[in-house]
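The listed protein sequences derive, respectively, from chains H and A.
Residue numbering for the first sequence follows our numbering, starting at -18 and increasing by one per position.
Residue numbering for the second sequence follows our numbering, starting at 166 and increasing by one per position.
If you are wondering where the hints come from, they were derived from the structure by calculation, not from laboratory data.
Every residue gets a Cβ at the ideal spot worked out from N, C-alpha and C, and that includes glycine.
What the simulated footprint calls covered on chain A by chain H, stretch by stretch (three residues with Cβ under 8 Å from a Cβ of chain H suffice, anywhere in the stretch; the number is not a length):
| id | region |
| --- | --- |
| 1 | 204 to 212 |
| 2 | 267 to 277 |
Quick list of simulated restraints, FRET-style, between CB atoms:
| id | chain 1 | residue 1 | chain 2 | residue 2 | range |
| --- | --- | --- | --- | --- | --- |
| 3 | A | 219 | H | 22 | 27 to 33 Å |
| 4 | A | 167 | H | 37 | 15 to 21 Å |
| 5 | H | -4 | A | 239 | 40 to 46 Å |
| 6 | A | 182 | H | 55 | 44 to 50 Å |
| 7 | H | 45 | A | 224 | 38 to 44 Å |
| 8 | A | 206 | H | 77 | 24 to 30 Å |
| 9 | H | 42 | A | 170 | 19 to 25 Å |
| 10 | H | -4 | A | 181 | 47 to 53 Å |
| 11 | A | 167 | H | 32 | 27 to 33 Å |
| 12 | A | 232 | H | 21 | 26 to 32 Å |
| 13 | A | 232 | H | -10 | 35 to 41 Å |
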Amino acid sequence: DAGVIQSPRHEVTEMGQEVTLRCKPISGHDYLFWYRQTMMRGLELLIYFNNNVPIDDSGMPEDRFSAKMPNASFSTLKIQPSEPRDSAVYFCASSGLAGGGYNANTGELFFGEGSRLTVL
Amino acid sequence: DQQVKQNSPSLSVQEGRISILNCDYTNSMFDYFLWYKKYPAEGPTFLISISSIKDKNEDGRFTVFLNKSAKHLSLHIVPSQPGDSAVYFCAASMDSNYQLIWGAGTKLIIKP
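Please model the entire structure based on the sequences and the hints provided.
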């Protein structure tokens, strides 16, 4: 079974440009998470979805960031306009549990390989 | 405010010896703790977890110990192998909250 698939793996862009990161979760998983990893702040949860609906976007740093999940097999994280401080590795993760609820007692997230973003 | 702390950015251990990675937390409401392992250029992968109703969980070479009174958990790897060289993240959650709170990670280096 394919894991969580993210694209692009690497993105180098100039300040002010729009960046779109993509994620395909594991089939059957009903939770999807976007994380950002930086040296300064470690792993930060940006937003997560349950059954394609955004549940908590309190981690999204600014209005320049937006995320969508139009269907169960696809999500995007968009940054417009991008800034050098957005440079980081962005991870998508998915999780799925019986009964449709997130059982924190398993807590197992399946991560993609990440998208490394560099904004010049 | 860091609720989950991994105070050692890195740790170097001889192959075959025991590796002990530490994690401290401040929120007594956390009731589940997890360890993830991350290789360069890959996403974190789940390693082992423990519920707050237990004080030990073992899976092969990996054992996690939980000391609730001290708000401290540790991951023991015995014996350490070169493939264990990675960054290890500690994470915690509350059953009522879907978020995992992550530590900053500890880079483990296993020397041959």
